[in-house]
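K.L.:
Chains as they are written, first to last, in my numbering: chain S, 1 to 413; chain C, 414 to 826.
Calculated directly from the structure, the hints in this document are not laboratory data. A virtual CB, placed ideally from N, CA and C, is assigned to each residue, including glycine. Honestly, I wouldn't trust all of these hints.
With the Cβ distance kept under 10 Å, some of the chain S side facing chain C (calculated, not the full set) [what the hints assert, rightly or not]:
#1 15
#2 74
#3 328
#4 329
#5 333
#6 360
#7 408
Chain C side only, calculated, beta carbon under 10 Å to chain S, not exhaustive [claimed, not checked]:
#8 509
#9 636
#10 766
#11 770
Taking CB as the label site, the calculated pair distances span [to be verified]:
#12 754/C - 250/S: 46 to 56 Å
#13 632/C - 31/S: 52 to 62 Å
#14 174/S - 777/C: 27 to 37 Å
There are 2 protein chains.
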Amino acid sequence: MSKYKPSPFAPLHFPDMPKIDGFTMATAEAGVRYKGRTDLWVMVGQAGTQVAGVFTQNLCPGAPVDWSRKALSVDTKGPRVVVVNSGTANVFAGQKSVDAVVETAQGIADIFGAARDGVLLSSTGVIGEALDASKLTAQFSAMKASLSAEGWADAARAIMTTDTYAKGATDSAVIDGVRVQINGIAKGSGMIAPDMATMLAYVATDANINDSVLQVLLSDQVGSTFNAITVDSDTSTSDTLLLLASCAADHRLITDVNDPRLDDFKAALHRVLFNLAMQIIKDGEGISKFIRVTISGAVSDKSAKKIGMSIANSPLVKTAVAGQDANWGRIIMAVGKAGEPAERDKLTVHIGPHLLAQHGQPAPHYTEADGAAYMKNAEIDIRVDLGLGDGQSVVYGCDLTHQYIDINADYRS
Amino acid sequence: MSKYKPSPFAPLHFPDMPKIDGFTMATAEAGVRYKGRTDLWVMVGQAGTQVAGVFTQNLCPGAPVDWSRKALSVDTKGPRVVVVNSGTANVFAGQKSVDAVVETAQGIADIFGAARDGVLLSSTGVIGEALDASKLTAQFSAMKASLSAEGWADAARAIMTTDTYAKGATDSAVIDGVRVQINGIAKGSGMIAPDMATMLAYVATDANINDSVLQVLLSDQVGSTFNAITVDSDTSTSDTLLLLASCAADHRLITDVNDPRLDDFKAALHRVLFNLAMQIIKDGEGISKFIRVTISGAVSDKSAKKIGMSIANSPLVKTAVAGQDANWGRIIMAVGKAGEPAERDKLTVHIGPHLLAQHGQPAPHYTEADGAAYMKNAEIDIRVDLGLGDGQSVVYGCDLTHQYIDINADYRS
Numbered sequence: 001m002s003k004y005k006p007s008p009f010a011p012l013h014f015p016d017m018p019k020i021d022g023f024t025m026a027t028a029e030a031g032v033r034y035k036g037r038t039d040l041w042v043m044v045g046q047a048g049t050q051v052a053g054v055f056t057q058n059l060c061p062g063a064p065v066d067w068s069r070k071a072l073s074v075d076t077k078g079p080r081v082v083v084v085n086s087g088t089a090n091v092f093a094g095q096k097s098v099d100a101v102v103e104t105a106q107g108i109a110d111i112f113g114a115a116r117d118g119v120l121l122s123s124t125g126v127i128g129e130a131l132d133a134s135k136l137t138a139q140f141s142a143m144k145a146s147l148s149a150e151g152w153a154d155a156a157r158a159i160m161t162t163d164t165y166a167k168g169a170t171d172s173a174v175i176d177g178v179r180v181q182i183n184g185i186a187k188g189s190g191m192i193a194p195d196m197a198t199m200l201a202y203v204a205t206d207a208n209i210n211d212s213v214l215q216v217l218l219s220d221q222v223g224s225t226f227n228a229i230t231v232d233s234d235t236s237t238s239d240t241l242l243l244l245a246s247c248a249a250d251h252r253l254i255t256d257v258n259d260p261r262l263d264d265f266k267a268a269l270h271r272v273l274f275n276l277a278m279q280i281i282k283d284g285e286g287i288s289k290f291i292r293v294t295i296s297g298a299v300s301d302k303s304a305k306k307i308g309m310s311i312a313n314s315p316l317v318k319t320a321v322a323g324q325d326a327n328w329g330r331i332i333m334a335v336g337k338a339g340e341p342a343e344r345d346k347l348t349v350h351i352g353p354h355l356l357a358q359h360g361q362p363a364p365h366y367t368e369a370d371g372a373a374y375m376k377n378a379e380i381d382i383r384v385d386l387g388l389g390d391g392q393s394v395v396y397g398c399d400l401t402h403q404y405i406d407i408n409a410d411y412r413s
Numbered sequence: 414m415s416k417y418k419p420s421p422f423a424p425l426h427f428p429d430m431p432k433i434d435g436f437t438m439a440t441a442e443a444g445v446r447y448k449g450r451t452d453l454w455v456m457v458g459q460a461g462t463q464v465a466g467v468f469t470q471n472l473c474p475g476a477p478v479d480w481s482r483k484a485l486s487v488d489t490k491g492p493r494v495v496v497v498n499s500g501t502a503n504v505f506a507g508q509k510s511v512d513a514v515v516e517t518a519q520g521i522a523d524i525f526g527a528a529r530d531g532v533l534l535s536s537t538g539v540i541g542e543a544l545d546a547s548k549l550t551a552q553f554s555a556m557k558a559s560l561s562a563e564g565w566a567d568a569a570r571a572i573m574t575t576d577t578y579a580k581g582a583t584d585s586a587v588i589d590g591v592r593v594q595i596n597g598i599a600k601g602s603g604m605i606a607p608d609m610a611t612m613l614a615y616v617a618t619d620a621n622i623n624d625s626v627l628q629v630l631l632s633d634q635v636g637s638t639f640n641a642i643t644v645d646s647d648t649s650t651s652d653t654l655l656l657l658a659s660c661a662a663d664h665r666l667i668t669d670v671n672d673p674r675l676d677d678f679k680a681a682l683h684r685v686l687f688n689l690a691m692q693i694i695k696d697g698e699g700i701s702k703f704i705r706v707t708i709s710g711a712v713s714d715k716s717a718k719k720i721g722m723s724i725a726n727s728p729l730v731k732t733a734v735a736g737q738d739a740n741w742g743r744i745i746m747a748v749g750k751a752g753e754p755a756e757r758d759k760l761t762v763h764i765g766p767h768l769l770a771q772h773g774q775p776a777p778h779y780t781e782a783d784g785a786a787y788m789k790n791a792e793i794d795i796r797v798d799l800g801l802g803d804g805q806s807v808v809y810g811c812d813l814t815h816q817y818i819d820i821n822a823d824y825r826s
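For reference, chain S alone in the conformation it holds in the complex:
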């Protein structure tokens, strides 16, 4: 799909995703920007479908994000429809962006019988161009006619931009003796940073859970999944993560997030979110190596995360990893620049199994040869203990390579 070489972490195949009771979908070639590929996905949740969402924290969000934030809380009677296009982000095109959002939602209302203000919209692609909504609405009749409970792989492909592979995950859980299914798809490979990114992810389940519980689950789990990854510290204006429950499963409705019947579902949901987040970071633009940064001993979890992100976002750390250089001096630098409590002489730094530095100096038994050998791995583990407290965090990033520049220096050309 992408003109760039696939990520070395591209999975061999898209997972086999089962149908989920209460959801149907379709894709189309709307021709928003790309030619010869699908760029539009519509998913319909049956009447009564519950929805939760998390959106970009960028203070200049796109019109679709503004719209969908409001749509979440609209009490719909009929079906819930999710509409996603790739090619343009429909961001920062003024009233035209807003008009395009309304026109798209109205088109869905007309064709699918959904409440207009409850339609959930996302757009991804170039910023600063309005979406031509007529290209989407022209497809809706045919898409309605082709709705199917299958099609998750097609959906994942339709929402790709610079992604080099389609991203999907599936899992299941048991609630009250009833097996429920969780499917998710996602896109995103650049502008990935904490607090969401040009990252779109849609997770659907047939579990019978109300929207307020779904929202708490999503908000609880996003910190250790989608908000723990960073490609380039840049935060998109379009990030959207939606969780929809058709409530088709035959168990009693769950309305309390502390209901013990939720335990298995919580774990399965986390696996799906984490899996999708890892697929996104492993398709980070230009990635050649995956980086896991584990911080411990910080004064708080929040401080640990900030230090972890400082390391994972450091261009000098990222280029060192790209160059297979166990340059722990740059790790120390990135700890120090985070602005969080840190003491040079209390730091312990590991790369993989190797203790590199402690007590303010290189570890006596560490050799450059050990480091060099380890850095040939595709997945690089960096562990820093601050020696100050109990705060910990794990963040995930990737290296900075020539291909990142190739992709981003000519994205619009």
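Using the hints provided, position chain C relative to the given structure of chain S.
P.N.:
Just chain C now, with coordinates in the frame of chain S:
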């Protein structure tokens, strides 16, 4: 000096730097790391020389920074000596780093008759290796014998690491009818970020100004000069900016920073600091284009600077500039991710003379052709008005190119 191609902004020649009364210097090939080039500079200020300094805010500073911070306030009777080596940063090598610092200072004390604890030391280069101080001290006798009031260009070359050109600036001012001289040299081209960077700068003057006034001048002026530049957001552990006054000039001592006799000197000092800072950013690792980001209309100057830095540090903005793409959508994104007050519909964005966006949408008369033509320039002006208040700031950066990765992926090899 560097194995990488020179910055396109490299000046045609090093400025003609006059002698400064009260200062002598020498350089040597100490063989710390590099072969066949100088890597050691010693400058001697006559007895009574006044000193001020600003250092890295990285919380894991190098031993030379710890030492020099203390040395600033030592009351010396004899000469003041500055010693700078390139090749190793002498950072995070534990007690060995500290020992190397003491041994170097002791060597200077022995040979030059300076108070040991007042010797000012800097080291720049690889982190995590201790300096072999004996390589420096072995040179001191010969260096003392070759001390000269000339040699600023040689000094600037001796302290280079990945720099592609030597950096110097000179200016003069009149105090009480007496002309005083200001010379400065600097190094640095990577790990450049606010709050200092792997940036070393040494400024000397014969003006008769006491150290407390020098310190206020330096602290006041660093915000709009060295702390307004960023290459990659990474903050070095070694940054040092020193201002030395030999007090050799024949005017009455200035002890009050508000003394009106200082006005001309303040302006000249700012020109020197700004000139050196621009030379550093224009030698930013892998630079092909210089970027000036001007923020106005922010809620405060501090907020404006944070937004400016968010733009100047954004990998997506930097790669867009490298690709000659007037991608103002990414500028909006970077404004939004800064976390500072901003309202999408009040933003105004200019690139050079072109109004690109206002009122939350592209400007009606702007064309992609205008943007594309402007982006061919070597110096790119980005102006964002927030429309919220009176806060303003200017920051300076550079684009992100393949050469940045080449330099940093194999710096140690």
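K.L.:
Now tell me, hint by hint, if it's right for this structure.
P.N.:
Quick rundown of the hints versus the structure:
1. Against a cut-off of 10 Å between C-beta atoms, the interface hint on residue 15/S is violated, since the closest Cβ of chain C lies about 30 Å away.
2. About 23 Å separates the beta-carbon of residue 74/S from the nearest beta-carbon of chain C, more than 10 Å, and the hint is not met.
3. Restraint check, residue 328/S versus chain C: the minimum CB separation of about 6 Å is within 10 Å; hint holds.
4. Proximity of residue 329/S to chain C holds as hinted, the smallest CB-CB distance being about 3 Å (cut-off 10 Å).
5. The closest approach between the C-beta of residue 333/S and any C-beta of chain C is roughly 6 Å, which is under the 10 Å cut-off, so the hint is satisfied.
6. The beta carbon of residue 360/S is positioned within 10 Å of a beta carbon in chain C (closest approach about 5 Å), and the interface hint is therefore held.
7. Because the closest C-beta pair between residue 408/S and chain C is about 4 Å apart, less than 10 Å, the hint holds.
8. At about 7 Å, the closest approach between the beta carbon of residue 509/C and any beta carbon in chain S falls short of 10 Å, and the interface hint on this residue holds.
9. For residue 636/C, the shortest C-beta to C-beta distance to chain S is roughly 17 Å, which exceeds 10 Å, and the interface hint is violated.
10. Because the closest C-beta pair between residue 766/C and chain S is about 19 Å apart, greater than 10 Å, the hint is violated.
11. Given the 10 Å rule on beta carbons, the hint for residue 770/C holds: about 7 Å separates it from the nearest Cβ of chain S.
12. For residue 754/C paired with residue 250/S, a C-beta distance near 50 Å keeps the hint of 46 to 56 Å intact.
13. A beta carbon spacing of about 59 Å between residue 632/C and residue 31/S agrees with the range 52 to 62 Å that was offered as a hint.
14. Remark: the range hint 27 to 37 Å for residue 174/S to residue 777/C is contradicted by a beta-carbon distance near 58 Å.
In this structure, the hints that do not hold are numbers 1, 2, 9, 10 and 14, in rising order.
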